[in-house]
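Heads up: the protein sequence lines correspond to chains Z and U, in order.
The working numbering puts the first sequence at residues 97 to 214.
The working numbering puts the second sequence at residues 40 to 149.
None of these hints come from the bench; they were simulated from the model.
Don't take every hint at face value.
As the list claims (entries may be wrong) - No more than 30 Å apart at the CA atoms, straight line, and that leaves these computed lysine-lysine pairs for DSSO-like:
hint	chain 1	residue 1	chain 2	residue 2
1	U	Lys145	U	Lys107
2	Z	Lys172	U	Lys145
3	U	Lys86	U	Lys145
4	U	Lys107	Z	Lys139
5	U	Lys86	U	Lys107
6	Z	Lys139	U	Lys145
7	U	Lys86	Z	Lys172
The structure displayed is predicted, hence computed values, not measured ones.
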Amino acid sequence: DVQLVESGGSLVQPGWSLRLSCVASESTFRTYWMHWVRQVPGKGLEWVSRISVDGRSLFYVDSVRGRFTISRDNAKNTLYLEMRSLMHEDTADYHCVGTSVPYGMDVWGRGTTVTVSS
Amino acid sequence: QSALTQPPSVSGSPGQSVTISCTGTSSDVGSYNRVSWYRQAPGAAPKLIIYEVTSRPSGVPDRLFGSKSGNTASLTISGLQAEDEADYYCCSYTISNTYVFGTGTKVTVL
Chain Z
97 DVQLVESGGS LVQPGWSLRL SCVASESTFR TYWMHWVRQV PGKGLEWVSR
147 ISVDGRSLFY VDSVRGRFTI SRDNAKNTLY LEMRSLMHED TADYHCVGTS
197 VPYGMDVWGR GTTVTVSS
Chain U
40 QSALTQPPSV SGSPGQSVTI SCTGTSSDVG SYNRVSWYRQ APGAAPKLII
90 YEVTSRPSGV PDRLFGSKSG NTASLTISGL QAEDEADYYC CSYTISNTYV
140 FGTGTKVTVL
């Protein structure tokens, strides 16, 4: 089974930028729509963004549109999330998620923690 | 993009059945048969247990059953077991080509 490992989470100040990465263990990554889902510890899940197999179709939740950019490099089996103008409300664990079944997110990474605090 | 509404908690005794509701709108749950459910144990990443309202991934037992009527989807767990104790989230595709999760439900096995 493909495994996803996120990195790049850090403690940053409001207004700063950060880039998250997610590396997949297998090239089947190239056949998956990919998502970022975040979760404040102890709270619920929030879908953030998704990207098509070819990287051309991008979608975002309203609260991050214009600030976050999702991208992928299929040659490197890697998914990215470029985050700008970070706000306190962006503090969460960010999970990289793959979709190998229709409209279901079935491959999850363990997450990387982003903390936005002054 | 408001979160789908789930009850904060449900409980049942071993062997009983529990049902978790997930209420959305005509812009998400009511528009498509694209509702999925996830189980999250403490400290673990979520796990897909139902997709496209009723389909189960390989390895998920058939005592987990999904359904939908109008703007409300439901997950029924029959033959409740101690291992079912976890947080459960629904998720729906929306008419904006985005996704929205539910508020989450804690299942307690008495």
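Taking the hints in turn, this is what the structure says about them:
no.: 1; hint: Lys145/U / Lys107/U; result: holds (20 Å)
no.: 2; hint: Lys172/Z / Lys145/U; result: violated (38 Å)
no.: 3; hint: Lys86/U / Lys145/U; result: holds (15 Å)
no.: 4; hint: Lys107/U / Lys139/Z; result: holds (25 Å)
no.: 5; hint: Lys86/U / Lys107/U; result: holds (20 Å)
no.: 6; hint: Lys139/Z / Lys145/U; result: holds (11 Å)
no.: 7; hint: Lys86/U / Lys172/Z; result: holds (25 Å)
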